[in-house]
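Student: Listed below are the residues making up each chain.
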Amino acid sequence: MDRKLEQSRIRNFCIVAHIDHGKSTLADRIIEQTGLLTSREMQAQVLDNMDLERERGITIKAQAVRTVYKARDGEEYIFNLIDTPGHVDFNYEVSRSLAACDGAILVVDAAQGIEAQTLANVYLALDHDLDVIPVINKIDLPSAEPQRVIDEIEDVIGLEAQDAPLISAKNGIGIEDVLEQIVKKIPAPGGDSGAPLQALIFDSLYDPYKGVIIFCRVMEGTVKKGTAIRMMATGAKEEVVEVGVFGAGQFIPCEELSAGMVGYITASIKNVKETEVGDTVTDDNNPCEAPLPGYKKVQSMVYCGFYPADGAKYPDLRDALEKLQLNDAALQYEPETSAALGFGFRCGFLGLLHLEVIQERLEREYNLDLVATAPGVVYKVYKTNGEVIELTNPSNLPDLSVIEHMEEPVVSAEIMVTSEFIGSIMELCQERRGRYLGMEYIEASRALLRYDLPLNEIIYDFFDALKSRSKGYASFDYDIKGYEESRLVKLDILINKEEVDALSFIVHSDSAYERGRRMCEKLKEEIPRHLFEIPIQAAVGGKVIARETVKAMRKDVLAKCYGGDITRKKKLLEKQKEGKKRMRQIGSVEVPQKAFLSVLKLGDD
Amino acid sequence: MDDRLELYFHIPFCVRKCFYCDFLSAPADEGTIKRYMEALLAETAGSALSYAKYTVSSIFIGGGTPSVAPVFCIEDMLGTVKEHYSLAQDAEITMEVNPGTVSEKALSRYREAGVNRLSIGLQSADDKELASIGRIHTWEQFLETYTEARKADFRNINVDIMSALPGQTLSRYRNTLEKVLSLEPAPEHISAYSLILEEGTHLYDLYEKGMLEIPDEDTDRLMYQETKELLARRGYRRYEISNYAKEGCECRHNRGYWTRENYAGFGLGAASLVENVRFKNGTDLQAYLANSSGCREDVRQLSREEQMEEFMFLGLRMTEGVDEGLFRRLFGCGMEEVYGEVIGKNIRDGLLRMDCDFAGKEERAALRRLSLTEKGLDVSNYVMAQFLL
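Chains as they are written, first to last, in this note's numbering: chain A, 170 to 774; chain B, 1383 to 1771.
These are computed hints drawn from the structure, not numbers from a lab. On a predicted model such as this, the values are computed, not experimentally measured, just so you know. Check each hint, because a few of them may be wrong.
[As the list claims (entries may be wrong)] Straight line, CA to CA, 20 Å or less: simulated SDA-like cross-link-like pairs of lysine to any residue:
#  : chain 1 : residue 1 : chain 2 : residue 2
1  : A       : K738      : B       : I1415
2  : A       : K739      : B       : S1753
3  : A       : K739      : B       : I1415
4  : A       : K640      : A       : M722
5  : A       : K720      : B       : S1753
6  : A       : K744      : B       : E1687
7  : B       : K1399     : B       : I1415
8  : A       : K739      : B       : V1659
9  : B       : K1757     : A       : M722
10 : A       : K720      : B       : Q1607
11 : A       : K720      : A       : E695
12 : A       : K738      : B       : Q1607
13 : A       : K740      : B       : N1658
14 : A       : K693      : B       : E1599
[Claimed, not checked] Here are some, though not all, of the chain B residues that point toward chain A, as calculated from beta-carbon distances under 7 Å:
#  : residue
15 : Y1639
16 : Y1645
17 : V1656
18 : G1726
19 : V1761
20 : A1767
Note that CB positions come from ideal geometry on N, CA and C, so glycine has one too.
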């Protein structure tokens, strides 16, 4: 497929939607109906090719696919469908993917209507000057109300929606309408193939054979084999080995990528850190005047420590992190040591989902048993001597006497909720130290709440709490707003009078008591009885604020060992012995790994 | 291995299932019981040849409630043993009986048939407590049985009692202990267990539904403490985790289980250990009635490691502990070569103790015994689990 197609027949677009409104299914149908793949080749969801993504129903890494559509006007059009991650953790990646597009399809569920992410995504698309085509999905549901949703789109977003295709992506209804609208309503890309090279990186992938594969949209100029490219932000320089376009699930080499095209570049680059999302690729011998706007250095928002359950696996963990990082520029890590957990790594993530995904991949793909410490955000500590520390590990908090004040990251959140749950959601936000900014009614029965919330309060279990308090009817989106001063303290946990550094965390002074008490309770449940009594204490600045006690071991049950049948007795002993594995020694106390995890998941009960 | 053999007979019948019981036992009609006893005799006689080289050192007739079987069945059973096995002159022959199921006449006939030790299930001296756990008898009925047993010339009697019963308080438990100790003459042997709520029992179901009040852990512990202290004061030696006996009255049969003597179990679900092979009969009554000699299941030759494990965790149940020299003779290596680390750690924790008795002999011959300390007995499972390899 290396024939050169006219720029005017290219359509670069993405699909945006609230979670579960059918984005991936529509993508599948588009790929299917443009005929590039036979049905037999279709996996259930072509675009999500990591196991994890399929199980969670979310898309983690942006990807792209190129298909050929023969339109009703008889011409063949090139569609470049760029997939975007659907989670707030990856907002920046989303924005770069959008920047690579000229239009967007907005999928809205015909029964549920507009949700928080619908709004967030559509505003993001409009911010990037994309032409947005609304599509009403799931019209075959009994509860579908397409006209209500069309009106809602017009009223709330202000998008013309009367001729929005009414489709069922699942059952393949109305897909052709969508394809025709893509041709008619999404503009062909601009750009001059003869100008100096200017290409936007919207994703990259590490391949053990080819090195880093850069996913890019060429805005101006042309790139081909042999071009000496330079990443304008990182400064990395290499010679292009190959360029090509995206088949479904495969890379198809081509002669060159010129203005308006979406494709990939390989150039023997060893690390995705050199090809950051948002950076501009240019020709080192004929550079463009300025990089494309919008580049931001990826910043970790959430930190936690990963420790191998088995200390001997430390090198394995290091290797695994190294490999994951090849593919994930947003993952950061550095070695750290904990008195309680031994050698491990402090890792930085875009958000809690990112953290969970990495943890799961380490455990699943690399077979590592991990102990993760409580996740925390990055605090700014202003010392009395004028120094400012960015604190990622609570253990490194300087002595209180030298701290002038501390700041924590705050997000602006938008929560969409049906009116019956407004009260309980406001209550939740209040509990999480939210600052109420306002409320707008989207329609008679639904409102959009705006709050500023400390990031610290939403990284644990805010999502779950939101779901349970709204019976699943609330949706949520947020943006990092900045840092604000806050009364923060370090909460320490002492097991048998010994401070467990891995369990320390920073918390607002108002919630210290409550959190400390709950942690002690949870640990009491999880720590098995020992030969001696074990006090579990929560302390702030050396002062104990909560305490629980694990009683000394219960006398063993005096069971009858009947008629010489000892198999049952042996099973009991075996069970007891089994339980002793997977323990961490803290002083003279054996703490099961589960205890660390349960503290992390404090909000689940 | 020496050539002693213990025999166990299982009688899986009772008048009514107690609320805590999860043993293999159930009420049955007399016809079934008789057919079962015939099958049991057939199994016993049929196995005699394979045990020809052994001398039977003890017999235990357990259940269920063996005394629900017609008396002649027990007589026939012991007759079969005498006919087909070589029975030691001084063999200990124990039978379990429950109050309310035996007459004085029956007791005399058991005694005549050779039974020389009785184990009576009392559990509690408090009628309310007895009712709450589904026992069919009262304290008064126990007293009758006990008196009749003495009259029938039983000089070695065990009484089973239980602590941590529903609604039991420390003082009520103490009362049970006192009443048992004030029997005239007092029992030679006392087994004291705590109530354990086993899945599938009536009490367990009640507990799950929140309808059962059982003493809290601290009270349970105090009861246990009380048992130890009171029985010690009254001249009973605790020779096993939950068994107490007057001098010389330890149950030889049960000791055999902890010292891994050879034993053959007959009857439904009965377990055996013969020359380091463990096996069990199946638990299907109809299958057993149809062919009692063909019900062996789970035949398992114990590996050397398994033998070591058993030697340790069974032996440590006895307060005298395990004999280091015997371990060496059996396994050809020192106990510390295998368990050095575990032994060291537990001695440091005060849970195990190693006693040496040089008794004027050279060091090699010194008697060394490893046993649980008082503190170790309290948490025996914790210690024993560490001896699994």
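Student: Each hint needs a verdict: does it hold in this structure or not?
Tutor: Hint by hint, here is what the structure shows:
1. Distance check on the hinted pair: K738/A and I1415/B sit about 29 Å apart at the alpha-carbon level, beyond 20 Å; violated.
2. Among the hinted pairs, K739/A with S1753/B is consistent with the structure: their alpha-carbon atoms are about 19 Å apart, no more than 20 Å.
3. Annotation: proposed proximity of K739/A to I1415/B is violated, straight-line Cα distance about 32 Å (limit 20 Å).
4. For the hint pairing K640/A with M722/A, the CA-to-CA distance comes to about 42 Å; that exceeds 20 Å, so the pair is violated.
5. Between the alpha carbons of K720/A and S1753/B the distance comes to roughly 25 Å, so the proposed pair goes past 20 Å and is violated.
6. A C-alpha spacing of about 18 Å is found between K744/A and E1687/B, which places the hinted pair at or below 20 Å, so the restraint holds.
7. Between K1399/B and I1415/B the alpha-carbon distance is near 16 Å, which keeps this suggested pair within the 20 Å criterion.
8. The hinted pair formed by K739/A and V1659/B meets the criterion: a straight-line CA distance of about 16 Å does not exceed 20 Å.
9. For the given pair, K1757/B sits about 11 Å from M722/A by alpha-carbon distance, which is consistent with the 20 Å threshold.
10. With a CA separation close to 17 Å, the supplied pair K720/A and Q1607/B stays within the 20 Å bound.
11. Straight-line distance between C-alpha atoms of K720/A and E695/A comes to about 12 Å, which keeps the hinted pair within the 20 Å bound.
12. Between K738/A and Q1607/B the CA atoms are separated by roughly 23 Å; this puts the pair beyond 20 Å, and the hint is violated.
13. Taken as a hint, the K740/A and N1658/B pair is honoured in the structure, with Cα atoms around 18 Å apart against an allowance of 20 Å.
14. Taken as a hint, the K693/A and E1599/B pair is honoured in the structure, with Cα atoms around 17 Å apart against an allowance of 20 Å.
15. With a cut of 7 Å, the hint placing Y1639/B at the interface with chain A holds, because the nearest CB-to-CB distance is about 5 Å.
16. For Y1645/B, the interface hint holds, the least distance from its beta-carbon to any beta-carbon of chain A being 6 Å, beneath 7 Å.
17. Annotation: interface hint on V1656/B violated; nearest CB of chain A at approximately 11 Å, more than 7 Å.
18. At a threshold of 7 Å, the smallest CB-CB gap from G1726/B to chain A is about 16 Å, leaving the interface hint violated.
19. With 7 Å as the threshold, the beta carbon of V1761/B comes within range of chain A, its nearest partner Cβ sitting at about 5 Å, so the hint holds.
20. The interface hint given for A1767/B is met, as the beta carbon of that residue sits about 4 Å from the closest beta carbon of chain A, less than 7 Å.
Checked against the numbered hints given earlier, the structure breaks hints 1, 3, 4, 5, 12, 17 and 18 and satisfies all the rest.
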